[in-house]
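Enquirer: Residues per chain, in single letters:
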Amino acid sequence: MRAYLNTIGNPWRVFDELIGEFPYDLLNNAWRARTGQYPHVNVWESEQGLVVEAEAAGVDPDKLDVTVDANVLTIRGEKEQPDGTKNEFQRSFNLPFELERERIKASVKNGLLTVSIPRLATEKRTIAIEKL
Amino acid sequence: MSLIKKTEQNPQKEISRLEVTPVTRVEENKDAFTLTVELPGVSEKDIELTLENRTLSITAENTVQSFEGYTQVLTEIPEVRYRAAFDLPEHVDTAAIKAANKNGLLILTLPKREEVKPHRIAIAAG
Chain A
1 MRAYLNTIGN
11 PWRVFDELIG
21 EFPYDLLNNA
31 WRARTGQYPH
41 VNVWESEQGL
51 VVEAEAAGVD
61 PDKLDVTVDA
71 NVLTIRGEKE
81 QPDGTKNEFQ
91 RSFNLPFELE
101 RERIKASVKN
111 GLLTVSIPRL
121 ATEKRTIAIE
131 KL
Chain B
1001 MSLIKKTEQN
1011 PQKEISRLEV
1021 TPVTRVEENK
1031 DAFTLTVELP
1041 GVSEKDIELT
1051 LENRTLSITA
1061 ENTVQSFEGY
1071 TQVLTEIPEV
1081 RYRAAFDLPE
1091 HVDTAAIKAA
1101 NKNGLLILTL
1111 PKREEVKPHR
1121 IAIAAG
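Going down the list, the sequences are from chains A and B.
Position one of the first sequence corresponds to residue 1 (our numbering), numbered consecutively onward.
Position one of the second sequence corresponds to residue 1001 (our numbering), numbered consecutively onward.
Looking at chain B on its own, in the form it has when it is part of the complex (with noise of 0.2 Å):
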């Protein structure tokens, strides 16, 4: 256990990138939750996917193009740093999350426990 504080542990890196949180949807099916998170302009080396203690967080940093020879002038897209973090419940297996990373969406699969499955038993006729 440490005492120091969590914000001196990691000073904070630049902080010229503002921080949101991404636009996030969660689905629930009888096997597993999807996440599907929306990070437009972000290439897959930037996303960062840490699980710790049960709690899944998202770190991606966009790349924002610039074209010689051009001036910007309409500015809408700014560089900015997506952040989220899930509570993960207890029933979910974390070592089978999957993730993919397609059309700027990364989608993650968190499937569910064998055993919290709904599953049917027979009855044994007596």
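One chain only, chain A, in its complex shape (with noise of 0.2 Å):
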């Protein structure tokens, strides 16, 4: 009873539901994943910091870029196609906070690869209140 109440008080609900349930993201980036553009990651965070793991099958580590700008992560590289196309692919992560930009640390093996995102200790500090 309630639902079609709802129903009534909104008779759009049920399309704007479907449309909100309907996986754009999910379809987006599986398709841009399998055109190469979009490369998977798993992440695994910690006291400690982040460690992002990226897939890159056939791509030459030579062609690997992976730059952090302010707290923007972010993993670049050219994939050489074996009819020698050249397809880019990128993707970029906020960080959630501060790091330690000296001790990022990157490999690659087997076609994945793993950077490792030191967290920067910051110290708390208690700010004194002046009472005027």
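Hints were generated in silico from the structure; no laboratory data involved.
It is possible that some hints are incorrect.
Unchecked claim - Listed next, the in silico DSSO-like pairs over lysine-lysine satisfying Cα-Cα at most 30 Å (straight line):
#: 1; chain 1: B; residue 1: K1102; chain 2: B; residue 2: K1112
#: 2; chain 1: A; residue 1: K109; chain 2: B; residue 2: K1117
#: 3; chain 1: B; residue 1: K1117; chain 2: B; residue 2: K1102
#: 4; chain 1: A; residue 1: K109; chain 2: B; residue 2: K1102
#: 5; chain 1: A; residue 1: K109; chain 2: B; residue 2: K1045
#: 6; chain 1: A; residue 1: K86; chain 2: A; residue 2: K105
#: 7; chain 1: A; residue 1: K109; chain 2: A; residue 2: K63
#: 8; chain 1: B; residue 1: K1117; chain 2: A; residue 2: K63
#: 9; chain 1: A; residue 1: K105; chain 2: B; residue 2: K1102
#: 10; chain 1: B; residue 1: K1098; chain 2: B; residue 2: K1117
#: 11; chain 1: B; residue 1: K1098; chain 2: A; residue 2: K63
#: 12; chain 1: B; residue 1: K1102; chain 2: A; residue 2: K63
#: 13; chain 1: A; residue 1: K109; chain 2: B; residue 2: K1030
#: 14; chain 1: A; residue 1: K105; chain 2: B; residue 2: K1098
#: 15; chain 1: B; residue 1: K1045; chain 2: B; residue 2: K1102
#: 16; chain 1: A; residue 1: K86; chain 2: B; residue 2: K1098
#: 17; chain 1: B; residue 1: K1102; chain 2: A; residue 2: K86
#: 18; chain 1: B; residue 1: K1098; chain 2: B; residue 2: K1030
#: 19; chain 1: A; residue 1: K63; chain 2: B; residue 2: K1045
These numbers come from a predicted model, not from an experiment.
From these two lone chains plus the hints, build me the complex, please.
Expert: Here it is, written out as structure tokens:
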């Protein structure tokens, strides 16, 4: 009964829900991953920092590029197909913390790129409140 | 000949892994076919290549690393079993198949038999 009443309240609700549930992101990502424009990743987090693992099968390690700008990590690369055409791919992540730039490490093994990003140890500071 | 159903012969191993077909490219030139199979995260020892009745089968399992003290927050690369099979044409020289593994790619070279390669036949002047 409640559902029925709600439908009366907003006759388009059922369509809104259909559209809202449609997995655009999923399909979009799946398509981009299939075409090699969007690498799949696994991400781990801890007190020490973050580890990002990205699929990069068939990518020459020299053509892989990992950059950090402010709090944005970008993985970029170029994949050469057997027929000689080149596909570029790129993916960026907003990092939820300040990072220690000097200690970021990246390695490639069996077509998997692993980037480890240590968290910057920040000191907690208490700010004294002046009584006026 | 065996009348036992195939499924009963090889009871499936743990079904925990998702089975996927790897992204594959097939190319042909006058000497050989080249198959390029993408197997990210698969080490050489986890690739199984078999040839049976001119069917080339590839089975491979990837290794998903886990990091101690870390919690996984995003999983887009699950543990999978890659599976693909190719029916090889008659003119592939199965004894000379070569396989190489590089940057997460399995590259198979399937040479064609000598007699099917194009060659010129000289015409003797009469």
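Enquirer: Take the hints in turn and mark each one as holding or not.
Expert: So, going through the hints one by one against the coordinates:
Note on B:K1102 and B:K1112: the hinted pairing holds, with a Cα-Cα distance of about 23 Å set against a maximum of 30 Å. Of the pairs offered as hints, the one joining A:K109 and B:K1117 is violated, with about 38 Å between alpha carbons and a cut-off of 30 Å exceeded. Using a Cα cut-off of 30 Å, the hinted pair B:K1117 and B:K1102 holds, with the two alpha carbons roughly 28 Å apart. Restraint check for A:K109 and B:K1102: satisfied, since their Cα atoms lie roughly 10 Å apart, inside the 30 Å limit.
The suggested pairing of A:K109 with B:K1045 holds, with an alpha-carbon distance near 14 Å, which does not exceed 30 Å. Between A:K86 and A:K105 the CA atoms are separated by roughly 26 Å; this keeps the pair inside 30 Å, and the hint holds. Of the pairs offered as hints, the one joining A:K109 and A:K63 holds, with about 14 Å between alpha carbons and a cut-off of 30 Å not exceeded. Proximity of B:K1117 to A:K63 is assessed by CA-CA distance (about 36 Å); at most 30 Å being required, the pair is judged violated.
A threshold of 30 Å between alpha carbons decides the hint, and for A:K105 with B:K1102 the separation of about 22 Å falls inside it, so the pair holds. Taking the CA atoms of B:K1098 and B:K1117, the gap is near 18 Å; set against the 30 Å cutoff, the hint holds. Annotation: proposed proximity of B:K1098 to A:K63 holds, straight-line Cα distance about 26 Å (limit 30 Å). At most 30 Å may separate the alpha-carbon atoms for a hinted pair to count; B:K1102 and A:K63 meet this at roughly 14 Å.
Taking the CA atoms of A:K109 and B:K1030, the gap is near 33 Å; set against the 30 Å cutoff, the hint is violated. A distance of roughly 35 Å separates the Cα atoms of A:K105 and B:K1098; the hinted pair therefore is violated under the 30 Å criterion. About 13 Å separates the Cα atoms of B:K1045 and B:K1102, which keeps this hinted pair within 30 Å; it holds. With a C-alpha separation of about 25 Å, the suggested pairing of A:K86 with B:K1098 holds against the 30 Å cut-off.
The straight-line distance between the Cα atoms of B:K1102 and A:K86 is roughly 18 Å, inside the 30 Å bound, and the hint therefore holds. Distance check on the hinted pair: B:K1098 and B:K1030 sit about 17 Å apart at the alpha-carbon level, within 30 Å; holds. Taking the CA atoms of A:K63 and B:K1045, the gap is near 26 Å; set against the 30 Å cutoff, the hint holds.
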